[in-house]
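Trainee: Assemble the whole structure, with the sequences as input and the hints as a guide.
Protein chains in written order, with the working numbering: chain A, 1 to 114; chain B, 1001 to 1114.
In short, the hints are calculated from the structure, not lab data. Just to be clear, a hint being listed does not mean it is correct.
Claimed, not checked - Distance windows between CB atoms, simulated:
#: 1; chain 1: A; residue 1: Leu114; chain 2: B; residue 2: Tyr1070; range: 36 to 46 angstroms
#: 2; chain 1: A; residue 1: Ala2; chain 2: B; residue 2: Leu1080; range: 28 to 38 angstroms
#: 3; chain 1: A; residue 1: Glu53; chain 2: B; residue 2: Tyr1051; range: 45 to 55 angstroms
#: 4; chain 1: A; residue 1: Gln18; chain 2: B; residue 2: Asn1012; range: 24 to 34 angstroms
#: 5; chain 1: B; residue 1: Glu1003; chain 2: A; residue 2: Leu96; range: 34 to 44 angstroms
#: 6; chain 1: B; residue 1: Lys1045; chain 2: A; residue 2: Arg22; range: 14 to 24 angstroms
#: 7; chain 1: A; residue 1: Thr112; chain 2: B; residue 2: Glu1015; range: 31 to 41 angstroms
#: 8; chain 1: A; residue 1: His10; chain 2: B; residue 2: Pro1008; range: 39 to 49 angstroms
#: 9; chain 1: A; residue 1: Phe95; chain 2: B; residue 2: Phe1060; range: 17 to 27 angstroms
#: 10; chain 1: A; residue 1: Leu114; chain 2: B; residue 2: Asn1065; range: 40 to 50 angstroms
#: 11; chain 1: B; residue 1: Asn1027; chain 2: A; residue 2: Asp30; range: 21 to 31 angstroms
Claimed, not checked - Sample of chain B residues at the chain A side, in silico, Cβ under 8 angstroms:
#: 12; residue: Phe1011
#: 13; residue: Lys1101
#: 14; residue: Tyr1102
Because the structure is a prediction, the values reported are computed rather than measured. The beta-carbon is built from N, C-alpha and C at its ideal position, and this holds for glycine as well.
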Amino acid sequence: DAGVTQSPTHLIKTRGQQVTLRCSPKSGHDTVSWYQQALGQGPQFIFQYYEEEERQRGNFPDRFSGHQFPNYSSELNVNALLLGDSALYLCASSFLREGFNEQFFGPGTRLTVL
Amino acid sequence: RKEVEQDPGPFNVPEGATVAFNCTYSNSASQSFFWYRQDCRKEPKLLMSVYSSGNEDGRFTAQLNRASQYISLLIRDSKLSDSATHLCVVNLRPMTSGTYKYIFGTGTRLKVLA
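Mentor: Structure representation (structure tokens):
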């Protein structure tokens, strides 16, 4: 049973460019969340997708957008990249239910903006 | 005030020691709680879910105090492999959306010394 997978593992972009990151959730999971983790910080919630809709959003500008596909996989798009967007981007999946919603994380995509 | 606060550490302890981490949260609507561990440059991995009555899993004990809004993690008989950043996570489930979001603390660094 494959866990959460993300691609690519590393990416280097320049300011102003656009980037798309991809995530496949763990088998049986229907909810995908995205996080940004800067060095020395905890992951910061970007947004969450369920039933192909954005259901929750953190304090991130509209430059950050996403999508969820019918097979539950998801993409994170970032437009007009800034140097400050350099971070580890983590995807987490879970099965939406009452009570505990344990999330399982992928290995992340390390984005460097030059 | 941050939504989830942790002492960043580092906590340097000898092998075999007992170490405790505390975490406070500000949103009384927080519904569930977790401890994750994160090794350097890796993704967070679920260590324990925290139940209302407290729970134990081998050398690890988690406690929740809703009245005081804090969560604790106790590690007994520390091993070298416990060296990692330990992240406190609060799960918020706003009434309007039906979904939820994780709020992470910045993490507490633990180094177990031989």
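Trainee: Determine for every hint whether it applies to the structure shown.
Mentor: Verification of the supplied hints:
Separation of leucine 114 of chain A from tyrosine 1070 of chain B is about 42 angstroms and conforms to the stated range, judged on CB atoms against 36 to 46 angstroms. Alanine 2 of chain A and leucine 1080 of chain B have their C-beta atoms about 30 angstroms apart, which keeps the hinted 28 to 38 angstroms range intact. For glutamate 53 of chain A paired with tyrosine 1051 of chain B, a C-beta distance near 31 angstroms fails the hint of 45 to 55 angstroms. Under the hint 24 to 34 angstroms, the C-beta atoms of glutamine 18 of chain A and asparagine 1012 of chain B, about 43 angstroms apart, miss the expected range.
In this structure the supplied range 34 to 44 angstroms is violated for glutamate 1003 of chain B paired with leucine 96 of chain A, their Cβ-Cβ distance being about 22 angstroms. The hint said 14 to 24 angstroms for the Cβ distance between lysine 1045 of chain B and arginine 22 of chain A, and at roughly 21 angstroms that hint holds. At about 37 angstroms, the beta-carbon gap between threonine 112 of chain A and glutamate 1015 of chain B stays in the expected band of 31 to 41 angstroms. In this structure the hint that histidine 10 of chain A and proline 1008 of chain B lie 39 to 49 angstroms apart at CB is violated, the actual value being about 27 angstroms.
With their beta carbons about 24 angstroms apart, phenylalanine 95 of chain A and phenylalanine 1060 of chain B fall inside the hinted range of 17 to 27 angstroms. Distance hint check for leucine 114 of chain A and asparagine 1065 of chain B: the Cβ-Cβ separation is about 46 angstroms, which falls inside the suggested range of 40 to 50 angstroms. As the Cβ distance of asparagine 1027 of chain B to aspartate 30 of chain A is approximately 25 angstroms, the hint placing it in 21 to 31 angstroms holds. Because the closest C-beta pair between phenylalanine 1011 of chain B and chain A is about 16 angstroms apart, greater than 8 angstroms, the hint is violated.
Checking lysine 1101 of chain B against chain A by beta carbon gives a least distance of about 5 angstroms; that is within 8 angstroms, so the hint holds. The beta carbon of tyrosine 1102 of chain B is positioned within 8 angstroms of a beta carbon in chain A (closest approach about 6 angstroms), and the interface hint is therefore held.
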